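Residue strings, one per chain:
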Amino acid sequence: DTAVSQTPKYLVTQMGNDKSIKCEQNLGHDTMYWYKQDSKKFLKIMFSYNNKELIINETVPNRFSPKSPDKAHLNLHINSLELGDSAVYFCASSQLGHGEQYFGPGTRLTVT
Amino acid sequence: ELKVEQNPLFLSMQEGKNYTIYCNYSTTSDRLYWYRQDPGKSLESLFVLLSNGAVKQEGRLMASLDTKARLSTLHITAAVHDLSATYFCAANRDDKIIFGKGTRLHILP
Numbered sequence: 001d002t003a004v005s006q007t008p009k010y011l012v013t014q015m016g017n018d019k020s021i022k023c024e025q026n027l028g029h030d031t032m033y034w035y036k037q038d039s040k041k042f043l044k045i046m047f048s049y050n051n052k053e054l055i056i057n058e059t060v061p062n063r064f065s066p067k068s069p070d071k072a073h074l075n076l077h078i079n080s081l082e083l084g085d086s087a088v089y090f091c092a093s094s095q096l097g098h099g100e101q102y103f104g105p106g107t108r109l110t111v112t
Numbered sequence: 001e002l003k004v005e006q007n008p009l010f011l012s013m014q015e016g017k018n019y020t021i022y023c024n025y026s027t028t029s030d031r032l033y034w035y036r037q038d039p040g041k042s043l044e045s046l047f048v049l050l051s052n053g054a055v056k057q058e059g060r061l062m063a064s065l066d067t068k069a070r071l072s073t074l075h076i077t078a079a080v081h082d083l084s085a086t087y088f089c090a091a092n093r094d095d096k097i098i099f100g101k102g103t104r105l106h107i108l109p
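Quick note, the sequences are listed as chains B and D, same order.
So for the first sequence, our numbering puts the first residue at 1; every next one is plus one.
So for the second sequence, our numbering puts the first residue at 1; every next one is plus one.
Next up, chain B with everything else stripped away, as it sits in the complex:
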């Protein structure tokens, strides 16, 4: 069983479109995250949710909106996609306080 799964794995879309990436974890963790990894491989946290509540919201454009319907899911919706949004987006989960994060396989977003 996959611990942290993301869909889709690849996403190619045009500028101005709206898209969503889904994430699910079956580890029973209470905290989930979204990270962006750019072309230089720099990894930056975007959001963190604990028990469906937003606890970290880094400086990201408000075109990015996370949604957590339950503890096991954290989806990322992106409005009005821009070229600079092209990156690999990783979902991760952990147990708050223990910290070790388990990462999903990543979603490679390409905006043309």
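Rather than coming from a laboratory, the hints here were simulated on the basis of the structure.
Computed list of lysine to aspartate or glutamate pairs in EDC-like fashion (alpha-carbon distance at most 20 Å, straight line): (1) B:K44 - D:D38; (2) B:K36 - D:E5; (3) D:K56 - B:E100; (4) B:K67 - B:D30; (5) B:K52 - D:D94; (6) D:K96 - B:E100; (7) B:K41 - D:D38; (8) B:K44 - D:D94; (9) D:K96 - B:D30; (10) B:K71 - D:D95; (11) D:K3 - B:E58; (12) B:K36 - D:D95; (13) B:K40 - D:E5; (14) B:K40 - D:E44; (15) B:K44 - D:E44; (16) B:K44 - D:E5; (17) D:K41 - B:E100; (18) B:K44 - D:D95; (19) B:K41 - D:E44; (20) D:K101 - B:D38.
Residues on chain D that point at chain B, a partial pick, calculated with CB under 8 Å: (21) Y33; (22) S45; (23) D95; (24) K101.
Predicted model, so just to flag it, every value in this text is computed and none were measured.
Beta carbons: idealized from backbone N, C-alpha and C, even for Gly.
Dock chain D against chain B, hints included.
Chain D in isolation, oriented as in the chain B frame:
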């Protein structure tokens, strides 16, 4: 603000040699992590270091933590080609985890 710096960012080394990757962090951190990322793949947790003087080893990799110096090291012993990957360290504070820029390790046969 917590900042994490790794060096070197790129490392090319011969098989059989030893080397160390350094990770400095700027403020007190609850714990220190090391991750491995293969090209086109996700991140895999290697070590979690919780306290000053902590040392963990897995195969040819050994990680250590000096909280007074705010320094963690990842030591590679007798490198083999399979260890070629990007290695990230990360530190956390107040439930926020900050990653270093990663060290791209290339081991030549």
